[in-house]
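Chains as they are written, first to last, in the working numbering: chain A, 1 to 253; chain B, 1 to 421.
Quick caveat, the hints were computed from the structure, so don't treat them as lab data.
It is possible that some hints are incorrect.
[Stated by the list, open to error] Mimicking EDC-like on lysine to aspartate or glutamate, the simulated pairs with C-alpha atoms at most 20 Å apart in a straight line are: (1) B:Lys316 with A:Glu59; (2) B:Lys316 with A:Asp104; (3) A:Lys100 with B:Glu307; (4) A:Lys100 with B:Glu418; (5) B:Lys416 with A:Asp145; (6) B:Lys233 with A:Asp145; (7) B:Lys178 with B:Asp60; (8) B:Lys416 with A:Asp104; (9) B:Lys316 with A:Asp145.
[As the list claims (entries may be wrong)] Covered, in the sense of this in silico footprint (three residues per stretch, anywhere, with C-beta under 8 Å from a C-beta of chain A), are these stretches of chain B: (10) 29-43; (11) 296-305.
[Stated by the list, open to error] Just so you have them, the derived chain B footprint on chain A, three or more residues with Cβ under 8 Å: (12) 92-99; (13) 219-233.
For every residue, glycine included, the Cβ atom is placed at its ideal position computed from N, Cα and C.
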Amino acid sequence: MMSIKFRTKNVEVSYGDKKAIRDISLNIKKNTITALIGPSGCGKSTFLRCLNRMNDVIENCSIKGSVLLDEQDIYGPDIDPVELRARVGMVFQKANPFPKSIFDNIAYGPRIHGLASSDNELKDIVHNSLEKAGLIDEVKDRLNDQATGLSGGQQQRICIARAIAVSPEVILMDEPCSALDPIATAKIEELMNEISETYTIIIVTHSMQQAARVSKKTAFFHLGDLIEYNDTDKIFTQPDNEKTQDYITGRFG
Amino acid sequence: MIRKSIKSRRARETRLKIYGITSICFALIMLATLLISIGLNGYSALQQAYFKVDISVNMDKLVDESGTINKNKMNLFNWDGLVKSTLREFFPEVKERDEKKELFAIISANAGYDLKEIVKKKALGSGSHTLSVWLHLSDDADQYLKGRLSIDIPEEDRRINNKQIAWVNSLVERDIAKLKFNKTFFTSADSREPESAGILGSVVGSALTLFVTVMFALPLAVMASIYLEYFAKPGRITDFIEVNVNNLAAVPSIVFGLLGLSVFLSTFGLPRSAPLVGGLVLGLMTLPTIVIASRASIRSIPPSIREAALGLGASKMQAAMHHVLPLAAPGILTGTIIGMAQALGETAPLLMIGMVAFIIDIPTTFTSSATAMPVQIYMWSDSAERAFYERSSLAILFLVAFLISMNLLAVMLRKKFEKKW
Chain A
1 MMSIKFRTKN VEVSYGDKKA IRDISLNIKK NTITALIGPS GCGKSTFLRC LNRMNDVIEN
61 CSIKGSVLLD EQDIYGPDID PVELRARVGM VFQKANPFPK SIFDNIAYGP RIHGLASSDN
121 ELKDIVHNSL EKAGLIDEVK DRLNDQATGL SGGQQQRICI ARAIAVSPEV ILMDEPCSAL
181 DPIATAKIEE LMNEISETYT IIIVTHSMQQ AARVSKKTAF FHLGDLIEYN DTDKIFTQPD
241 NEKTQDYITG RFG
Chain B
1 MIRKSIKSRR ARETRLKIYG ITSICFALIM LATLLISIGL NGYSALQQAY FKVDISVNMD
61 KLVDESGTIN KNKMNLFNWD GLVKSTLREF FPEVKERDEK KELFAIISAN AGYDLKEIVK
121 KKALGSGSHT LSVWLHLSDD ADQYLKGRLS IDIPEEDRRI NNKQIAWVNS LVERDIAKLK
181 FNKTFFTSAD SREPESAGIL GSVVGSALTL FVTVMFALPL AVMASIYLEY FAKPGRITDF
241 IEVNVNNLAA VPSIVFGLLG LSVFLSTFGL PRSAPLVGGL VLGLMTLPTI VIASRASIRS
301 IPPSIREAAL GLGASKMQAA MHHVLPLAAP GILTGTIIGM AQALGETAPL LMIGMVAFII
361 DIPTTFTSSA TAMPVQIYMW SDSAERAFYE RSSLAILFLV AFLISMNLLA VMLRKKFEKK
421 W
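With the rest of the complex left out, here is chain B:
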């Protein structure tokens, strides 16, 4: 009798185990599929098509008497013309105006500007200099070289025509154009031209925003949890607070954006699109998450530790600060990181406070205009240029990497603070 039931009990156990393994496998496969598909779309953005130009610049026209570069003169100089005339030297047969226009379309519209920046950085002295610089090809030429633009479709539907393809190919044959590591992507902010667009602006924006979020939410949440756990007298008011903290965690994030818009921007007049405001809004959003995690963590500290401190004549405050809080820190930290991860991936509230802006400068202060990584991804995925598509995929990978490194940091901090007894 018993033996029979044991058999069926064992079978049930095995079945349950199989269910568990299956669901874990399913989740892992889904995750892998997601990451691989994003990776396949995004890896090509690590490279960018460049072309090499040998240019001679007469710095005498661009420097002051003292020999330093004059900004005004630099801005007035026709860099575009210089780049274009150099390019035309490769294709002397191009004479007509329309044809010239087509030729210039294979190089980046920002090539002249980029050349100016390179010259500025080199801080050349007076005299004539010959430079060999690599400049961006246009995004269409770039996509063609990466094989992402199909040449099977009719010419008139293509973003790059046969003549342009021939020019690009001829540049490649002459070893003047090639795919190189896309440094621009990691060192610059957004741009209308995909080849000049980078992620750094939004990474810095996200970092500044998250810094404000932590600085704002963590102290508030910890103080609130300690108060609720140790000082608040049980009663209607405490219950009311507790219910509301839990409710707050379930409020859609865009509502916090509206709050930020009406309170921080309209009432307090804080600057639009600023990491300061973004951080405050995301801080409010993550506050309940951290409060809930902190309270759970504080509650899990054995009361005997607190009693020991109180029994020695420590005040409630001292017992909490000296003993409970350090022991609860790993749990609080975990909650904070979860909250931060949530905040890092959040787009909706940032839309409301104007962080969904086209910003070409890397933000430097908490009040300068900025975007955040998810917003940047959102904007790129919305752009028509195909080259933005691979860039948004790479940016997603970057966001995931950012998240993973945050989690790693959390694990390391937790290990460091964790005390055994």
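Same shape as in the complex, but just chain A:
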């Protein structure tokens, strides 16, 4: 099934007078992993944050163009960003578990959205989310421990489990492995592969190897423009654009 999940048309984001991204039009397929790559400051994170309206929080940030989720404009008047973010979850660059217990971290989303009608149901959701995130064996005996006491990689997987607990359709990941060691990174990549059958994943990454390893589609951003968007294999073997070629071969960035 290769239907389109996100369809963006001429998206332009500016912070005050400064344009961060220009004229981005791209279609993101359902239940695949799409990687956004590019040098720092190219606007890939900005674009990612457009997809669940996290840019709304930033002062004097304005967005033009349209972003369609399942053919519905997420900037339309009848869309509540709160509801949208429940459908489009997010994992951040720096693992940011709440300074609460592991259980409360995972249970927070389901609690505020009222997804569980009983304590047992909530426990099931927490358990399933941790299982999907491949953490259950590591933490099942200490669900009441502080999540902030875990290792960096575990914390990031807690954040993924926390996002999964709300049963989103899309998970946005903003450089989720940039602060992790290779072993923790490998675990997260493995996890992404496993869950990509049920979730549409969009990942921003600085590591081209990571993009090559995990994603099916890759978009290359440069200075606020979308330079090239294609199958990952194609991008990394025979890119159409010279800039892409230069970037993936390490000539700049």
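Knowing the structure of chain A, use the given hints to seat chain B on it.
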């Protein structure tokens, strides 16, 4: 070359360290001097001169048929006369009217009233009872026994004359008069007579006032800070609010008193001298302090926590209430305690709303007349009687103790709420 410069750099460092230590020492010495001098002036107020009287009371005249004490009869009974006649038994040689007056001046003018209260408290049944009670000596006798009245000055300039001194000494020799722990100071409110005056009234007044202050200022300040930090759109209006909040913190406190007078008393018609009004005025005064501290505390919470909550689909409100506020609580609490400490020591605004009143009852409600501790100290220090001087010193120590315990509470609460990550 480098070695030479290192030497001078090290010297500069040492000098700076010495400056720092010196200034800390200076501050500590000043503080110690202050506390010690107040302590030396005030410690004697912990004791009070009492004299013992053995009195027989016939309760038949004071109770109803049912045997319970009749208030009316109690009030009509001549307690003063009873105390005075008992005292005269010790000094049968005193016969003349003027001399009698001098003799009675060595005991508290409230002795009769105090005796009545003691009898009332004992709830004696009918029949005749013999009681042995300790009553206050007058403040002058008290000061003499404590050695605070110099007897070197000429008799006519003294508050206590030679005859009175002889009587007091004779009472002490007979073991009828002595200095005892001054319980009255901790259990009663203000009085015209220093020996009957206590701090409890103003402590309760301060506590009631501060309660209103916290209840009023804290929620308002927290809501205002959350709004300003997370909801307000940056622009002219927000800037205007921000500038004014900061300005408000610098407004002299008496202006808030005037505000309370014209708004709370004149416009809303709230009762005068009431802890309710005092609390509202002090609340307005501490509001900017708490707002500024709360905003700083909220701003210091890493945005990632808020983003995490928002990313899960929490509303702005939920992100603030569930995550930011609990984490910012220790900082907000610190700000609140600083504000409260400021409010506790504040006198000027309370003067404007009539809390500088002579109140002999311990306040029981938020609308009953009350004073606050600093006002009480101010009034006592203004009194002519020497015995009030040591009492105001002791009250200052009490105020400081109150402050320290408030700060301790703040530290404990902060420890409890503080989360590590």
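Worksheet entry | Structure versus earlier hints - violations, ascending order | Failing hints, ascending: 6, 7, 9, 10, 13.
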